[in-house]
Amino acid sequence: MKALKKQLDELKKLKFNSYGKDFLLTWDRSEQELRAVVSLAELFSEMHKAGKSFKTFDTGLAISIFRDNSTRTRFSFASAANALGLGLADLDEGKSQIAHGETVRETANMISFMAEVIGIRDDMYLGEGNKYMREVSAAVQEGFEKGVLHQRPNVINLQCDIDHPTQAMADLAHLKNHFGSLEQLRGKKIAMSWAYSPSYGKPLSVPQGIIGLMTRFGMNVTLAHPEGYGLIPDVVEVAKKNAAASGGKFETVTSMEDSFRDADIVYPKSWAPYGVMQRRTPLLQQGDHVGLKALEKECLANNARFKNWECDEKKMKLTRGGEALYMHCLPADISGVSCAQGEVSAGVFEKYRIATYREASFKPFVIAAMIYLARVKSPLITLGKLIK
Amino acid sequence: MKALKKQLDELKKLKFNSYGKDFLLTWDRSEQELRAVVSLAELFSEMHKAGKSFKTFDTGLAISIFRDNSTRTRFSFASAANALGLGLADLDEGKSQIAHGETVRETANMISFMAEVIGIRDDMYLGEGNKYMREVSAAVQEGFEKGVLHQRPNVINLQCDIDHPTQAMADLAHLKNHFGSLEQLRGKKIAMSWAYSPSYGKPLSVPQGIIGLMTRFGMNVTLAHPEGYGLIPDVVEVAKKNAAASGGKFETVTSMEDSFRDADIVYPKSWAPYGVMQRRTPLLQQGDHVGLKALEKECLANNARFKNWECDEKKMKLTRGGEALYMHCLPADISGVSCAQGEVSAGVFEKYRIATYREASFKPFVIAAMIYLARVKSPLITLGKLIK
Amino acid sequence: MKALKKQLDELKKLKFNSYGKDFLLTWDRSEQELRAVVSLAELFSEMHKAGKSFKTFDTGLAISIFRDNSTRTRFSFASAANALGLGLADLDEGKSQIAHGETVRETANMISFMAEVIGIRDDMYLGEGNKYMREVSAAVQEGFEKGVLHQRPNVINLQCDIDHPTQAMADLAHLKNHFGSLEQLRGKKIAMSWAYSPSYGKPLSVPQGIIGLMTRFGMNVTLAHPEGYGLIPDVVEVAKKNAAASGGKFETVTSMEDSFRDADIVYPKSWAPYGVMQRRTPLLQQGDHVGLKALEKECLANNARFKNWECDEKKMKLTRGGEALYMHCLPADISGVSCAQGEVSAGVFEKYRIATYREASFKPFVIAAMIYLARVKSPLITLGKLIK
Chain A
2 MKALKKQLDE
12 LKKLKFNSYG
22 KDFLLTWDRS
32 EQELRAVVSL
42 AELFSEMHKA
52 GKSFKTFDTG
62 LAISIFRDNS
72 TRTRFSFASA
82 ANALGLGLAD
92 LDEGKSQIAH
102 GETVRETANM
112 ISFMAEVIGI
122 RDDMYLGEGN
132 KYMREVSAAV
142 QEGFEKGVLH
152 QRPNVINLQC
162 DIDHPTQAMA
172 DLAHLKNHFG
182 SLEQLRGKKI
192 AMSWAYSPSY
202 GKPLSVPQGI
212 IGLMTRFGMN
222 VTLAHPEGYG
232 LIPDVVEVAK
242 KNAAASGGKF
252 ETVTSMEDSF
262 RDADIVYPKS
272 WAPYGVMQRR
282 TPLLQQGDHV
292 GLKALEKECL
302 ANNARFKNWE
312 CDEKKMKLTR
322 GGEALYMHCL
332 PADISGVSCA
342 QGEVSAGVFE
352 KYRIATYREA
362 SFKPFVIAAM
372 IYLARVKSPL
382 ITLGKLIK
Chain B
2 MKALKKQLDE
12 LKKLKFNSYG
22 KDFLLTWDRS
32 EQELRAVVSL
42 AELFSEMHKA
52 GKSFKTFDTG
62 LAISIFRDNS
72 TRTRFSFASA
82 ANALGLGLAD
92 LDEGKSQIAH
102 GETVRETANM
112 ISFMAEVIGI
122 RDDMYLGEGN
132 KYMREVSAAV
142 QEGFEKGVLH
152 QRPNVINLQC
162 DIDHPTQAMA
172 DLAHLKNHFG
182 SLEQLRGKKI
192 AMSWAYSPSY
202 GKPLSVPQGI
212 IGLMTRFGMN
222 VTLAHPEGYG
232 LIPDVVEVAK
242 KNAAASGGKF
252 ETVTSMEDSF
262 RDADIVYPKS
272 WAPYGVMQRR
282 TPLLQQGDHV
292 GLKALEKECL
302 ANNARFKNWE
312 CDEKKMKLTR
322 GGEALYMHCL
332 PADISGVSCA
342 QGEVSAGVFE
352 KYRIATYREA
362 SFKPFVIAAM
372 IYLARVKSPL
382 ITLGKLIK
Chain C
2 MKALKKQLDE
12 LKKLKFNSYG
22 KDFLLTWDRS
32 EQELRAVVSL
42 AELFSEMHKA
52 GKSFKTFDTG
62 LAISIFRDNS
72 TRTRFSFASA
82 ANALGLGLAD
92 LDEGKSQIAH
102 GETVRETANM
112 ISFMAEVIGI
122 RDDMYLGEGN
132 KYMREVSAAV
142 QEGFEKGVLH
152 QRPNVINLQC
162 DIDHPTQAMA
172 DLAHLKNHFG
182 SLEQLRGKKI
192 AMSWAYSPSY
202 GKPLSVPQGI
212 IGLMTRFGMN
222 VTLAHPEGYG
232 LIPDVVEVAK
242 KNAAASGGKF
252 ETVTSMEDSF
262 RDADIVYPKS
272 WAPYGVMQRR
282 TPLLQQGDHV
292 GLKALEKECL
302 ANNARFKNWE
312 CDEKKMKLTR
322 GGEALYMHCL
332 PADISGVSCA
342 QGEVSAGVFE
352 KYRIATYREA
362 SFKPFVIAAM
372 IYLARVKSPL
382 ITLGKLIK
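So the protein lines, in turn, are chains A, B and C. When we follow this note's numbering, the leftmost residue of the first sequence carries the number 2, and every step to the right adds one. When we follow this note's numbering, the leftmost residue of the second sequence carries the number 2, and every step to the right adds one. When we follow this note's numbering, the leftmost residue of the third sequence carries the number 2, and every step to the right adds one.
Treat the hints as calculated values from the structure; they're not laboratory data. Mixed in with the good hints there might be a few duds.
For chains that are exact copies, the list does not tell them apart, and a pair is met inside one copy or across any two.
To be verified - Here are the computed lysine-lysine pairs in the BS3-like style, where the Cα-Cα straight-line distance is at most 25 Å:
{"id": "1", "residue 1": "Lys386", "residue 2": "Lys56"}
{"id": "2", "residue 1": "Lys389", "residue 2": "Lys242"}
{"id": "3", "residue 1": "Lys389", "residue 2": "Lys298"}
{"id": "4", "residue 1": "Lys352", "residue 2": "Lys147"}
{"id": "5", "residue 1": "Lys147", "residue 2": "Lys53"}
{"id": "6", "residue 1": "Lys3", "residue 2": "Lys352"}
{"id": "7", "residue 1": "Lys147", "residue 2": "Lys50"}
{"id": "8", "residue 1": "Lys389", "residue 2": "Lys53"}
{"id": "9", "residue 1": "Lys378", "residue 2": "Lys13"}
{"id": "10", "residue 1": "Lys241", "residue 2": "Lys132"}
{"id": "11", "residue 1": "Lys386", "residue 2": "Lys53"}
{"id": "12", "residue 1": "Lys315", "residue 2": "Lys7"}
{"id": "13", "residue 1": "Lys13", "residue 2": "Lys203"}
{"id": "14", "residue 1": "Lys294", "residue 2": "Lys14"}
{"id": "15", "residue 1": "Lys7", "residue 2": "Lys378"}
{"id": "16", "residue 1": "Lys56", "residue 2": "Lys389"}
{"id": "17", "residue 1": "Lys50", "residue 2": "Lys386"}
{"id": "18", "residue 1": "Lys147", "residue 2": "Lys3"}
{"id": "19", "residue 1": "Lys6", "residue 2": "Lys315"}
{"id": "20", "residue 1": "Lys56", "residue 2": "Lys378"}
Same shape as in the complex, but just chain A (with noise of 0.2 Å):
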């Protein structure tokens, strides 16, 4: 109990107004905003722990779009939902009318009647995911204006092409967790860095949501990747205007060792080069399965240059103290186990492994307090009362 009124005291001090808002991208919301969402799940999880009980809905749905598998990011959102009194509803675009050239607009006002919040994963097509989103959020606040909807249900990015901003969040409460305060955060040196994968197009949305969130913090943002495989450059440029901003640094190097030099977390990862995305997309869109197999080959071919980017032990040896903080958004590749070669040695993941489960623990709790902070006018006063 003194746990919680600590932690809804450090909330109580935060300026922020997240109600009735989206949460499409980090970089759309404050750093007051971002901290009141990291306070709040912190708090939730708190409260879990405790056999408390923070449902604040009666009734109401909390709608899931799929657009990609999950397992992690689904479940997180059904807990969340759960834990807040909502129904859950899966919109499974196989079994609905969509196909039969109804609009996206049309189609999210019919679902929404009810509708609390709308989490959407959509992060296959680039230039696609977040747009989608933005086409949700844009109908159903026409709905809600022209008197369809009682209420107005907000979005939630689930992942899109841009940001994985859940994710992103998760991690950050697991950094501030592990290192005791955002304030600790200041100057710390993270390497988010490209690792191999004998499998191709994975999103882009864990490095670039990654260097876009913690450059709000003051921290030391090292992004390394060989030549070629570079983010969207937008989101790059977002995480040089942020680092300025806030007082940390953020840099570019084209090789893993130097990423991890002295580096106090890695994040090692992989991903899709934007070049390639930019080509696989419209193959995507026109179903060119032989153009996407001869695309799949050439990267893979590529990739393969780059096996020796494996966070190793010798690796993490050059690491502050040889200790720095493994992260991962799960499931890794990791070599001998998932994959003959991938992004992690088995030894580096056995001694991070619950870690990266503890990583992802936050999630439920952040996507809860993300949808508590959207529908709840006086999120404050709503708390006291669920915490007594």
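Assemble chains B and C onto chain A, guided by the hints.
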């Protein structure tokens, strides 16, 4: 609060007893029962708008069985169940053992031990959908009488081969809302017209539902379709009898223009002719893909003769003051938007787009009202408590 | 209310502590624990009949993992979860990232952050199903001990390669209900007999569950099957030991008639021989369709030698007074109904059809009791409050 009490008073004036009854066809139910559904749907809608919960159940399941794709009705049913406090359980026949020779009466009982309501969509096979619902109904009745089921769940028709009562009732609520009262509908002309579509095999249940229901309220119902595009003859008979009994009118014409002339409401929508559906059902049941393909080709060629059956600006000018209310169950085939040429021109649809969303918005509340009236023994007393 | 208090008193007399325990095999649990499940299932059933809620949780997830088709168990689990106040979350492996080399221990933790219970059906691969459940169990135990999970969800076996405890316990509750008490079962003869079916590959878990459980209560259990259709030898050993310990009997015969003679209960049900399942498992794992087809052909030919293993009127006459209780886990292969010739004649099945529905009706309450006893620290105190 005042508005809610007024609507509760309206409900109190009606004489109805829907407790324990399935909702399979609107023409199985008394006019007072239908009025009660509409009034309660409006009341629930007002409560939702005011942020007042109408959660009625502590626990219990609302089971859905969708034998055809659905977005609107699926989410409406899910919304209604959630708002009343029921948990949703979808029977996905692909994941069940039903294929293994299990009988309908067995399955119906196996899923119903804690069920309050079973919503079924089964609209593909002429002569099958409503029959299946009645089999489920008879099965749970037997299970209840034999003491296998503690309570007898009610079946709600979420669209069959004959009627689409949740759609027709939502349409009625929309008309009541638009014109001010059910009494205002008396003498109003509604044109339920066939319209061209580049697809074929669309169910008959919507036009049948409309002519079967709107004739109950003294409306002037005009059914329009090309020669050979008739509905199930028995349902047309129902519409005739209803019109005679309610002091309304019912006629059939073979021109969209004729039906639109001086119409207060137009409902242009494609459907497959009864004769085609009769030929299609055995082909579907036998999985005769060649026969189905041939029938489709023949029908599309026949449809193409009636491409001028499009609801466009010119035809809308024929309606009362050129300002008839356009209705559609959605999704509509919109010329130049969802197809090259379809049921409605882009201009007409856009003018009424928000109105069609509003029309759809009544469905979750209509379904909630149907469930509530079937499952709550003393509906008015319980409602009084909910409102307080 | 009086009936409820009587059953609560019955429960109070039992000595059990099931808190925090998985339910994987009935023979892992003490007789008093099994009695508690049955008594509580009956109590929940009576409460449900009386319209009294036994909602225990405010929020929390009940996760289901179905690796094989299911209707009865799926809806029983959903019903139990809903009745207790838990939200259902199904892990659909096809929609998750599990295929991408993710380990069981990782997935188990990723889905469990807010889970109270994980129900698993995995009955296809001999030597795999129960093992998988124990892996999930060990994984969440590790997650809990390492502080990743705030609570340690319990695993409930919804059918594996070895046992089908929710079915066997529902069967036991049905027998208690039919004969008046568990004491009345002492000395009663139950014939668990193989029966002919035109399909092959049916799991062994039901007959194994029956012989493993009914031998605990002093019953005279006769297992009957053709030569070569044996069960897992270890489970047969368990049954022998149980019978010796409880003062019951266990014997194996090779004739359906012999097993039926003077039986009080008959349970005729098809299964694939242990030897066949042993050969089938590696073929399934290798996706060897040719090998599977050849094995199926061989087995069906072998099965066909035993078409006379049908539970018909003539064989039923051999039972005690010709009136043994017929049991089946459903769906049964009914001759002339769901197949040309099968496990049971249409006449016998129809006579007992409603009884088999009643048998099935205990399953949701048994599952609710299993969850309740595993998750509630002071089950009797909490129950007392629920009843009041």
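Right, here's what the structure says about each hint:
1. Lys386 with Lys56: both (11 Å within a copy, 21 Å between copies)
2. Lys389 with Lys242: Answer is neither; intra-copy 42 Å and inter-copy 54 Å both fail.
3. Lys389 with Lys298: neither (59 Å within a copy, 67 Å between copies)
4. Lys352 with Lys147: This pair counts as between: shortest inter-copy Cα distance 13 Å, intra-copy 55 Å.
5. Lys147 with Lys53: Only across copies: Lys147 and Lys53 sit 21 Å apart there, 39 Å inside one copy, limit 25 Å.
6. Lys3 with Lys352: neither (33 Å within a copy, 58 Å between copies)
7. Lys147 with Lys50: between (43 Å within a copy, 14 Å between copies)
8. Lys389 with Lys53: This pair counts as both: shortest intra-copy Cα distance 10 Å, inter-copy 23 Å.
9. Lys378 with Lys13: Intra 15 Å, inter 35 Å, cutoff 25 Å: intra-copy only.
10. Lys241 with Lys132: Result: close within a single copy only, 23 Å intra versus 51 Å inter.
11. Lys386 with Lys53: both (12 Å within a copy, 19 Å between copies)
12. Lys315 with Lys7: Classified as neither: same-chain Cα gap 42 Å, cross-chain 68 Å, threshold 25 Å.
13. Lys13 with Lys203: Neither way: Lys13 and Lys203 sit 39 Å apart in one copy and 57 Å across, limit 25 Å.
14. Lys294 with Lys14: neither (54 Å within a copy, 68 Å between copies)
15. Lys7 with Lys378: within (22 Å within a copy, 29 Å between copies)
16. Lys56 with Lys389: For Lys56 and Lys389, both the intra-copy (13 Å) and inter-copy (22 Å) Cα distances are at most 25 Å.
17. Lys50 with Lys386: both (18 Å within a copy, 24 Å between copies)
18. Lys147 with Lys3: between (46 Å within a copy, 24 Å between copies)
19. Lys6 with Lys315: neither (44 Å within a copy, 67 Å between copies)
20. Lys56 with Lys378: Both, since 15 Å and 22 Å are each at most 25 Å.
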